[in-house]
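> What follows is each chain in one-letter form.
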Amino acid sequence: MMMMKQSFRQSAIIVSFLFAGVSLAQTAWPQFRGPSGNGLATDPNAWGSLGYVAILAVMSSALALHLKGRSKGFLSAFAYGVTDESFAVNLTRFGRGAWTPEQALIVNQTSNLVWFVSTVAGGYLGDGIPQGAFGIDYALTAMFLGLLVLQVRDWLLAAVALLAGLIAVGLKLLGPGNWQVIAATVIAASVGLIVTERWPKLARGQR
Amino acid sequence: MSLRLYLICILGMGFVTYLPRWLPLIWLAGRDLNPRFVRWLKFVPACILSALVLPGLLIDPAGSLSLGRPEFLVALPTLLFGVLTRSLGGTVLVGMLLYWLTGVL
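Those protein sequences? They're chains A and B, same order as listed.
Numbering (the numbering used here) for the first sequence: 943 to 1149.
Numbering (the numbering used here) for the second sequence: 153 to 257.
Keep in mind that the hints were calculated from the coordinates and are not lab data.
Virtual Cβ for every residue (Gly too), placed ideally from N, Cα, C.
A hint or two may mislead.
[Said to hold, decoys possible] These stretches of chain B come out as covered by chain A in the derived footprint (C-beta under 8 Å, 3 or more residues):
#1 166-175
#2 189-198
#3 205-213
#4 220-231
Extracted from the complex, chain B is given alone in its bound form:
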């Protein structure tokens, strides 16, 4: 691809990912929303995070389900640490350390 096409492509991608973030804010921030829709939205953050992270823990690069991956085994004590301390930075460090240890041992 030429440089010009790259730039158009980057600008286009920027626009396409900006628009879906901008439109809901502009439309929804100013008005009173239906309480059911609001209750539904309250579930969204936990659902998105869980749906983003869990497949990476349980599905190996070949695309099949596996309960023995280090990613998953490390996630259990990492989650426990998070629940007990509710410290984001600490959870990140503990997760990295444990994962590093699984590679070393």
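Only chain A is shown next, with the shape it has when bound in the complex:
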């Protein structure tokens, strides 16, 4: 319990530090303000970005479970490649076992490199691809669906994931931004934890 309180306190410190930094930048340079011309606290876009920052922190926390005893240099290089996609691929592999932090680092850095190269290539060649060709607009969605399937290893995880998705939909209907994803994740994962503790039989598939 002590440890959990401590990590929550640490997360709160990170968030307030980021918040203070962005506010400072906005005061110094008015150009850093959102399109609405407001400061950070009242700008929905800024809250959306903070939501994404929180997602990154939670993804890194989940990855940290599998990176015990690595050097600070290794972890610093690893952090650079933590994205939604590499996170999902690596955690699926770690969950199955027989996956090392070094292999995960290669996934991170390779996908970053491919992303970089294909962004430049897309800038030059993108005009050659007709709009909407071959369902390319659906590639990212389909990939997330595929990654989701690989993460769902039992009925409890499926139910909790569905709950997270529905909460996110409900919250998104209320307003724009990115914060709904982290809010839905925190709520649904907490429900999952409560269920595993009250009805341990349901959680037998959990590793």
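Once you've looked at the hints, dock chain B against the given chain A.
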């Protein structure tokens, strides 16, 4: 914005998104975590992916709920294919193909 300001902005954004990835790794990777926190974290990947993808399937660009969007209708057979084959590449291709067909037909 001037070029200099753009560069400062890009570097700043890089820093702000690097820090929340770096700090948890540095703090958490070296220590024994509370088992409840670990169990909580095990739910996180599936929750994040679902919360990222589902709103895009069910909410139309105007911001209202819709069960008839091609994005959602294509997602159902795509998910089924994923569950049956557990192939990531295959799921991506099937999803793209089906979505493309909904545009053609």
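> With reference to the structure, classify each hint as holding or not holding.
Do the hints match the structure? See the list:
Figure legend: the region 166-175 of chain B, annotated as covered by chain A; annotation consistent (8 residues with Cβ-Cβ distances under 8 Å, at least 3 required). Only residues whose beta carbon comes within less than 8 Å of a beta carbon in chain A count, and the region 189-198 of chain B has 10; three or more means the coverage holds. Only residues whose beta carbon comes within less than 8 Å of a beta carbon in chain A count, and the region 205-213 of chain B has 7; three or more means the coverage holds. Check result for the region 220-231 of chain B against chain A: holds, 5 residues qualifying (beta carbon to beta carbon below 8 Å, three or more required).
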